[in-house]
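**Student:** What follows is the residue order along each chain.
Number of protein chains: 2
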Amino acid sequence: MIKRNAIYAQSGGVTAVINATACGVIETARRHRNHIGKVLAGRDGIIGVLTEDLIDTSRETPAAIRALRHTPAGAFGSCRYKLKGLEDNRAQYERLIDVFKAHNVGYFFYNGGNDSADTALKVSQISETLGYPVHCIGIPKTVDNDLVGTDNCPGFGSVAKYVAVSIREAGFDVASMARTSTKVFVLEVMGRHAGWITAACGLATEREGDAPHILLFPEITFDPEKFLARVEQVVKQHGYCAIGVSEGLRGADGKFLSESGLKDAFGHAQLGGVAPLIANLVKNKLGYKYHWAVADYLQRSARHIASKTDVEQAYAVGKAAVELAIKGRNAVMPVIVRKSNRPYKWAIGVAELKDIANREKKLPLDFISDDGFHITAKCRRYLAPLIQGEDPPPYKNGLPAYVKLKNAAVKKKLRDEFKI
Amino acid sequence: MIKRNAIYAQSGGVTAVINATACGVIETARRHRNHIGKVLAGRDGIIGVLTEDLIDTSRETPAAIRALRHTPAGAFGSCRYKLKGLEDNRAQYERLIDVFKAHNVGYFFYNGGNDSADTALKVSQISETLGYPVHCIGIPKTVDNDLVGTDNCPGFGSVAKYVAVSIREAGFDVASMARTSTKVFVLEVMGRHAGWITAACGLATEREGDAPHILLFPEITFDPEKFLARVEQVVKQHGYCAIGVSEGLRGADGKFLSESGLKDAFGHAQLGGVAPLIANLVKNKLGYKYHWAVADYLQRSARHIASKTDVEQAYAVGKAAVELAIKGRNAVMPVIVRKSNRPYKWAIGVAELKDIANREKKLPLDFISDDGFHITAKCRRYLAPLIQGEDPPPYKNGLPAYVKLKNAAVKKKLRDEFKI
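Quick mapping for you: the protein sequence lines, in order, are chains D and P. Residue numbering for the first sequence follows this note's numbering, beginning at 1 and increasing consecutively. Residue numbering for the second sequence follows this note's numbering, beginning at 1 and increasing consecutively.
Isolated chain D (complex conformation) (with noise of 0.2 Å):
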């Protein structure tokens, strides 16, 4: 058998263990080191393909790529790149080949979405075309949650232990000043176009009373009546309310909140930020004192809260990634497969790139409740063991001690440059 170097790239926005997801990847490939040679990374992603800037991981200490293990956000840098269809631009994709070519590159292995799902499978065809194979493998990776054929995305299950964790956490606070302070917090998450996130922040409300008490999906059409005469019974009620609310949240006229104008003092249009509107809303209407979170990347970089289940599973479809690769799969993506709720018990299995591609998994209308403003008990069952179990990071002088690799260049082979 002939040893052939792989080349993993990282995709899209990061999460808390993408790199996970790299340390399986390259431990399992060192481990099989009579198949596959050196595994390259992609510089930012598949630019660092295309523009042949590529990382030689093999330059990298065990313990580095160990530590990688509990270090949030993409080691060898990630980008928002969509290569477009194999008609109108065939060059991209034969410019990878020339690469691959160059390299002798005989896996590649792209940690995405959708989108990624997407890419691969098309240059796992054009190889084929070209006389030139490659074991084409997609890795799953998105906080959205929204991959179709795997039960849940590595990466979401982090995100949601954080915006479970931080909506109790802000609850306790709030709950003890309400009687004379503020009465509502505001907390905005991500998930622009589906409620997964949104939906995770409900995990915090176990008995009644606990915050979250109400929650605003993107799914749902905010309804400004109804959601104050909401946050009017919830304050009479318990004193207090704690809002978890979605970025992606909409108006009657199908626009994000967050797009309806919000202007600084220089007449700039400010981007950005539903939870202000929504606080603010609250006190012109109630009179509530109010405070508002904007978690943004903290919720999917924020690794020393990850959820050992996310890190298990991430770091498993890795190693899985590999394995199918030296078994000669291509076009697949390895999957997490829920075998039980309770005890919770997953495995690992195999999907077609082709059913993966460019699909998109929404929040199932019967995980939100009838009145739209939590979650029912099927959501409940659902998300519960996504959050099991912490994972610290190691410490040091107080603070996470997270890796930064050498990321050594791979000496370049070809004549062209390529320009993006």
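In case anyone wonders, no lab produced these hints; they're calculated from the structure. Some clues are possibly wrong.
[Claimed, not checked] FRET-style restraints, in silico, Cβ to Cβ:
no.: 1; chain 1: D; residue 1: K289; chain 2: P; residue 2: H193; range: 16 to 26 Å
no.: 2; chain 1: D; residue 1: P364; chain 2: P; residue 2: K413; range: 20 to 30 Å
no.: 3; chain 1: D; residue 1: E352; chain 2: P; residue 2: H193; range: 55 to 65 Å
no.: 4; chain 1: D; residue 1: K345; chain 2: P; residue 2: T180; range: 38 to 48 Å
no.: 5; chain 1: P; residue 1: H193; chain 2: D; residue 2: E206; range: 35 to 45 Å
no.: 6; chain 1: P; residue 1: N358; chain 2: D; residue 2: A252; range: 47 to 57 Å
no.: 7; chain 1: P; residue 1: T180; chain 2: D; residue 2: E360; range: 19 to 29 Å
no.: 8; chain 1: P; residue 1: G209; chain 2: D; residue 2: K411; range: 20 to 30 Å
no.: 9; chain 1: P; residue 1: T180; chain 2: D; residue 2: H32; range: 31 to 41 Å
no.: 10; chain 1: P; residue 1: K327; chain 2: D; residue 2: N284; range: 45 to 55 Å
no.: 11; chain 1: D; residue 1: Q233; chain 2: P; residue 2: T129; range: 43 to 53 Å
no.: 12; chain 1: D; residue 1: E225; chain 2: P; residue 2: N284; range: 49 to 59 Å
no.: 13; chain 1: D; residue 1: E360; chain 2: P; residue 2: V337; range: 35 to 45 Å
no.: 14; chain 1: D; residue 1: E206; chain 2: P; residue 2: T129; range: 43 to 53 Å
[What the hints assert, rightly or not] When the alpha-carbon atoms are kept at most 25 Å apart in a straight line, the in silico DMTMM-like pairs for lysine to aspartate or glutamate are as follows:
no.: 15; chain 1: D; residue 1: K396; chain 2: P; residue 2: D253
no.: 16; chain 1: P; residue 1: K308; chain 2: D; residue 2: E390
no.: 17; chain 1: D; residue 1: K339; chain 2: D; residue 2: D391
no.: 18; chain 1: D; residue 1: K236; chain 2: P; residue 2: D53
no.: 19; chain 1: P; residue 1: K404; chain 2: D; residue 2: D355
no.: 20; chain 1: P; residue 1: K396; chain 2: D; residue 2: E208
A quick note: this is a predicted structure, and the numbers were derived from the prediction, not measured. Glycine included, every Cβ here is placed at the ideal spot set by N, Cα and C.
With chain D's structure known, arrange chain P on it following the hints.
**Tutor:** Chain P alone, transformed into the frame defined by chain D:
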């Protein structure tokens, strides 16, 4: 010795560890039953004492009291309610003494900042005047770290750890996407009048190039030109720029930037949020893609990432308060005394309330670097020990298992209703 009861009350904004102090007070009082009867707590702070709305902590199990040590926010409720001067509002102070008499209270533990130290002092004075002596002990608490007479304030160390961890994690996130996406990240932190929390963000910068790259202190008038020049320089050098900004940042006119006239789509003034303003300025002037986060209450309630040093000190001042009272001390506060930096050693000392009341400890100017954008080595030496160690709460179902007390009411004994 006649056994008398104690009243404990929490004051002002709550913290991740103020309940650890309550735990220290109650557990220590329970170990001295020959001196102290019951510990009663003011429901929602001093308001509960004035209105004779008291909680009987003797109804709580040892396990529940122990769990206070790992539970954030104020378990008995807190309030922002400052008693006025003795001359202006003698009736309120006399009312406190009436409540103390009615419940055989000989010890008053007031857990708060410099306002609370002032109140505790005045209660001690009037109790003497009225011939009903009460041992009044202030106990330090404030995330703002602005109490004089103590090396640091319980509550601050945990916020400091939270903001340093968070900006490190978000920094990793931005670094990995910066080539093609977000280049500037802004985290807004608390500390309206002093830059202690802003400074703590700087602990995450352990090596050249580490996030955060720029800190915007409330002590330094915001200079947009100088700031933008620095942002541009940092982005050119490191590829991205992470910024920590105080909610209390002021412009050349002396006003808070967050009050600079943001209006929403309905023309309503939009309060708070200096992070989006800063981010927007960067976007408009330099064109960099940005993200911003406002941590708000998340930072002061984040018991899950509390500093172990902070938890231990919070407990220790509660314990010491009871021991001082038993020794017959009055109008004092247990404080934290730093014995050495390396290794960090601290002990509990005693300060007179008269030396603490209504005074404020500012961030020393030699804690801010000459350019005004970061902390000095001296500042780092002061701050570093305060975030040392982790003390995670127990978890259940993937979430921190925080306690909610029974908070059983003590039967009222006074005939008069007291209106706040």
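**Student:** Does each hint hold? Answer for all of them.
**Tutor:** Do the hints match the structure? See the list:
Checked against the given bound of 16 to 26 Å, the beta carbons of D/K289 and P/H193, roughly 20 Å apart, stay inside it. Judged by the Cβ atoms, the range 20 to 30 Å given for D/P364 and P/K413 is violated: they are separated by roughly 56 Å. Take D/E352 and P/H193: their Cβ atoms lie about 60 Å apart, and the range 55 to 65 Å holds. Our hint of 38 to 48 Å for D/K345 and P/T180 holds, since their Cβ atoms are close to 39 Å apart.
Separated by about 38 Å at the C-beta atoms, P/H193 and D/E206 satisfy the suggested range of 35 to 45 Å. The hinted window of 47 to 57 Å between P/N358 and D/A252 holds, with their beta carbons roughly 52 Å apart. For the pair P/T180 and D/E360, the supplied restraint of 19 to 29 Å holds, since their beta-carbon distance comes to about 23 Å. Our hint of 20 to 30 Å for P/G209 and D/K411 holds, since their Cβ atoms are close to 25 Å apart.
At roughly 32 Å, the beta carbons of P/T180 and D/H32 sit within the given window of 31 to 41 Å. Restraint check, P/K327 to D/N284: a C-beta distance of roughly 53 Å satisfies the suggested window 45 to 55 Å. A hinted range of 43 to 53 Å for the beta carbons of D/Q233 and P/T129 is consistent with their spacing of about 48 Å. Taken as a hint, the range 49 to 59 Å is violated for the pair D/E225 and P/N284, whose Cβ atoms sit roughly 35 Å apart.
The hint said 35 to 45 Å for the Cβ distance between D/E360 and P/V337, and at roughly 59 Å that hint is violated. Between D/E206 and P/T129 the CB atoms are about 50 Å apart, so this pair conforms to the stated range of 43 to 53 Å. Among the hinted pairs, D/K396 with P/D253 is inconsistent with the structure: their alpha-carbon atoms are about 42 Å apart, more than 25 Å. For the given pair, P/K308 sits about 18 Å from D/E390 by alpha-carbon distance, which is consistent with the 25 Å threshold.
At roughly 23 Å between alpha-carbon atoms, D/K339 and D/D391 fall within 25 Å of each other, so this suggested pair holds. Restraint check for D/K236 and P/D53: the C-alpha separation of about 20 Å stays at or below 25 Å, so the hint holds. Between P/K404 and D/D355, the direct Cα distance comes to roughly 48 Å. Violation of the 25 Å bound is thereby established for this hinted pair. Restraint check for P/K396 and D/E208: satisfied, since their Cα atoms lie roughly 17 Å apart, inside the 25 Å limit.
Of the hints listed earlier, those the structure fails to meet are numbers 2, 12, 13, 15 and 19, in rising order.
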